[in-house]
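Listed below are the residues making up each chain.
4 protein chains.
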Amino acid sequence: MSNAAIPVALIGGGRIGQVHASNILANPRLSLRYVVDIDEKAAKAWAAKAPNCEGVTSLDPVLNDASVKAIVVCTPTAAHPEIITKAAKAGKAIMCEKPISLITSEIDECYAQAAKYGVPLLCGYQRRHDPSFVKLHEAVTSGAIGQVQIVKTISRDNPVPTIAYLKISGRIFHDCGSHDIDLCRWITGEDPYEVYTAASAFNPAIKELNDWDTVLITLKFPSGVIASIDLSRKAAYGYDQRIEVLGNAGMAQAENRQPTTTIVSTDKGLLTDPFCWSFPQRYVEAYARELDHFVDVIQGKVAPKLSHDDARKVAIIAEAAEESCMKGAPVKIDYGNSLKN
Amino acid sequence: MSNAAIPVALIGGGRIGQVHASNILANPRLSLRYVVDIDEKAAKAWAAKAPNCEGVTSLDPVLNDASVKAIVVCTPTAAHPEIITKAAKAGKAIMCEKPISLITSEIDECYAQAAKYGVPLLCGYQRRHDPSFVKLHEAVTSGAIGQVQIVKTISRDNPVPTIAYLKISGRIFHDCGSHDIDLCRWITGEDPYEVYTAASAFNPAIKELNDWDTVLITLKFPSGVIASIDLSRKAAYGYDQRIEVLGNAGMAQAENRQPTTTIVSTDKGLLTDPFCWSFPQRYVEAYARELDHFVDVIQGKVAPKLSHDDARKVAIIAEAAEESCMKGAPVKIDYGNSLKN
Amino acid sequence: MSNAAIPVALIGGGRIGQVHASNILANPRLSLRYVVDIDEKAAKAWAAKAPNCEGVTSLDPVLNDASVKAIVVCTPTAAHPEIITKAAKAGKAIMCEKPISLITSEIDECYAQAAKYGVPLLCGYQRRHDPSFVKLHEAVTSGAIGQVQIVKTISRDNPVPTIAYLKISGRIFHDCGSHDIDLCRWITGEDPYEVYTAASAFNPAIKELNDWDTVLITLKFPSGVIASIDLSRKAAYGYDQRIEVLGNAGMAQAENRQPTTTIVSTDKGLLTDPFCWSFPQRYVEAYARELDHFVDVIQGKVAPKLSHDDARKVAIIAEAAEESCMKGAPVKIDYGNSLKN
Amino acid sequence: MSNAAIPVALIGGGRIGQVHASNILANPRLSLRYVVDIDEKAAKAWAAKAPNCEGVTSLDPVLNDASVKAIVVCTPTAAHPEIITKAAKAGKAIMCEKPISLITSEIDECYAQAAKYGVPLLCGYQRRHDPSFVKLHEAVTSGAIGQVQIVKTISRDNPVPTIAYLKISGRIFHDCGSHDIDLCRWITGEDPYEVYTAASAFNPAIKELNDWDTVLITLKFPSGVIASIDLSRKAAYGYDQRIEVLGNAGMAQAENRQPTTTIVSTDKGLLTDPFCWSFPQRYVEAYARELDHFVDVIQGKVAPKLSHDDARKVAIIAEAAEESCMKGAPVKIDYGNSLKN
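Protein chains in written order, with the working numbering: chain A, -13 to 327; chain B, -13 to 327; chain C, -13 to 327; chain D, -13 to 327.
Chain A with its partners taken away, still in its complex shape (with noise of 0.2 Å):
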């Protein structure tokens, strides 16, 4: 056994936290080495799935084992900070599930330890690495529409989550909203100024929570661009995530995504497959790719697609979504002083 696969550690163990260890287990470039979990047999039987892995309860053997080169950080949001922290402390390159913090504050602190230490802290907002969304970019960027004058993207959740999840979830703008304003900043180049939201609770129990599970966001650019995102907690035709992108000279789309090809045709009409179910099966090579974009990053190869600054603006621009929801008024979004990236 000698291939140069980085020895990775994998912190939380929940329905995201799989995804990242399946995709660590078939990645060559990646040797599992550890998976971190409250929950100890849970994190016994997925290290089982890999040779010379170790299931585990707390970061410390993570942290001293000295061969451990990365971690990545699957953890309740509020759990962010702290690993971070030490993880940087001991010299480990991160990627953090999205977002490192609800907290603007806590967020630049994790950026600068990782500084201080000078390991990378990738924060994960996989639909940038997406394909279909990655060629809509593409498209968007090398002019093929013109100048842009309308983005609007659509994230419908499915199945809805469950309470336990909900009341952890940070709402509704931080958790679905905060992937969507940072495809909008990402697509068009710019920060908005001013962001409106128009927000419902149909399902009671989501009401009782005082979140909302139906959600409008409008928000401007300085170059006069209109951005709306769309977000709802429920798409009983499976997870629907869209993006479309006006230009002057025509538009770009990224569609949804269905699991088979399959028609059946009769005299009722043509029926095809619900979209793909959920965010695994949605966002399967993205994440894939999100990964590789990691080692990549801790090779030294490039840089990470989302800056320290790209992080902090998303919770900032969605902190003030949910402000306007409350106000019912348009919000001036203040990004405080701005960094050097």
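To be clear, the hints were calculated from the coordinates, so they are not data collected in a lab.
All clues given are correct.
In this list, chains with the same sequence are indistinguishable; a pair is considered to hold if it fits within one copy or across any two.
For lysine-lysine, the following DSSO-like pairs were computed, each having C-alpha atoms within a straight-line distance of at most 30 Å:
1) 121 <-> 291
2) 55 <-> 30
3) 291 <-> 72
4) 287 <-> 75
Predicted, not measured: the structure shown is a model, and the values here were computed from it.
Fit chains B, C and D to the known structure of chain A by using the hints.
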């Protein structure tokens, strides 16, 4: 020769007038007797295509010809009220292109005149007759997608209208947005209580007219439904007219149409037609069916699909959307005294 | 009243006759003067829809009315030669539904009569006028897909024709297959030299007529091109009419059409319309354009798109395809003495 | 390290071998122990990607290593029988790329050896594991489209294989057509009794090999079902793999796949991706699922989806299709003594 075709006059031979003229000629239930236009040559040219049809430059011959039972009004909006008032007095059934007027009190007065003389007045929002939109409406109202949560419409024009037209168009909210506002009320069966608009003018010539070419309207409805209307004066890839409705059990969409179904596939990809060029192509069946509906109304078989209440509320909402755009803030919608329909 | 519309008579008021009657009425370049049908009631009913139109049961009034310049023949095939011969002698331009005749010598005689009296004879293969097929033809002949290698057509009928119709239809090869044979020659610009047919009769009523409902024809062309024609009497999911051409640089396809663009998506999948119901819906523009082409031919602007050579070769190939089916072996196609076109 | 992964050896590291190698590495139920290839460098390079894996140039170490429970055979077809015979004797479970052999008696002998030593032998027709084809198969066999009447498959290759490969490919009928023949039998549940083939060689290099690049095969089945197989060595627009089944109550189709869902729309039209580049992209899930099926077979959970009878009949039909092509006439298919499955 002895058919029961209803003698009808066309008032206004511009681009939409020509659409209606062709449909009148092709509809065996109607017989075109007059084409009225200030351009005598144009009036006579159209008249020459039908048997027993005269091209004239004044409304008077139509009003004085008792055999004429109905008129189709396709003049600029400003001329509508006078024509409607005179035609009602002369006992003619009236189909009038939208909007009846930009001013709510004038709309009310037109309907009052029609009521006084007992003639039907049908306002021409042709999209309610489009087969795809009708089918979407049926799907939504049948409960096929459950409780409605989000309604989104797109109306992007092609080609960019002339500046001459834009000057008399009543601006984008009344000219384009009114159609979509009507669709949102029709689909939801509700009146929105608040509107917020974000708008830009990328085209300098449009900016100079204090008009906008890129608009995103958000409407809030009492049930919690949120609607989004996306307007643009330019869709380089063909006339873009779509509706999407999200319910808690599914989604209904009406997509664009392409002139042909031909696909040319090479190593560059799969290439299909741009969408239908403009409204006469896109709404070819809608205009024909609207006219047929008008004949049904004349014959007393059905009530007009679009009521006085519909026509005035659309105008009120369009006005509020424009007000929101100028203020940069949401605007509560005041419908005044409600009508009995 | 004074338009230059060409006075025309419709011969045969059956299902295809009604399609042409509607198009004549809607076409300002034509004026319907007679509807001839053995069913006097039907003839008079159609005639009543047009000004100055008579419903009659004999061809004679048409032949004797010098003002009538053209006829459109929609009778059963067996009656074509006599009508064409008489009309040619009377100097009328002739559009005749396909096929002119099932017997090659009769086809030749009809064209000879038309030539003798100097009247145009247009055989009605409407698919050459379908916008999607025309666009496919342009793509192929422009070289966009390189050297043609495979041509495949599908013609699956809906609804299943009545047994009464099937009895006089000339069987599936002449009735349905002739259209596809014409398309294959038109697209390739070549005459096939050999044909092989496999056919089944799943429907017992069709089997009893010694006809088939399911046919696969293979044609070999001198250049090496291979064509496949797929015929069926039943497409439960709507009228199915497609063409696909493979070239060494790409592929051109013309797909089916659906009445609406509406999509209803639920957890069962995405449901869209069945395809257009039948030929009048599918070929609505094709029939209108064919008629317009006929007017151009009458006015001497263009030669008929379908020549004598085309009409006779289609009949010869259809006959050979049926022969192959009966023999269970490939059949060399003998075109006899070639024509000068 | 202690997982229950089954130790496996890969025999042949060419293009299909690499597909299987990746899937073995990504499948936690399997553990790659040997890569055998005549090219030592290639063997060692692949072996380096897995822990505890050796790259060797001879089969012997595999046969002699009792810990190895299974082999995946990806060598040129000619080498299959010897490898299978030796591996069976050594007690290894065998998955062998299609076809087992071009010669029916050799196929029979291979299965006889496997039976003698009690090892499973799975022939790798991966398309039976493709999710879209599986879904189509379910729709057809569930009766959703009624009585099957027509089955059509398309297999058009991309890129054009190298001449070196074509020389050892067994010609287009065995190399490509065998997949489609297998699909037709699988979908219909019947054995065809007659085959007719039309074929051309447009590519001069292929013509020189006495092979064909463009093939249309017609199969007749006892029930009256007709099947059509369309083979081409070149699909410039991407790997083209489709199935269409017509029943008397509907149609089932499996369409091609595109790498992304991105649409770029301009005044030139709507442009989407070419189809997936080639078989590794198109059948990515199919290969993974096939391997999983092999593990199930090894573990005795299921019988191989593809039986001895399937493997030999596919070879017999492919042979008859080639014979028909050379004769230019239909050929009755002789299956010899039938097998007990």
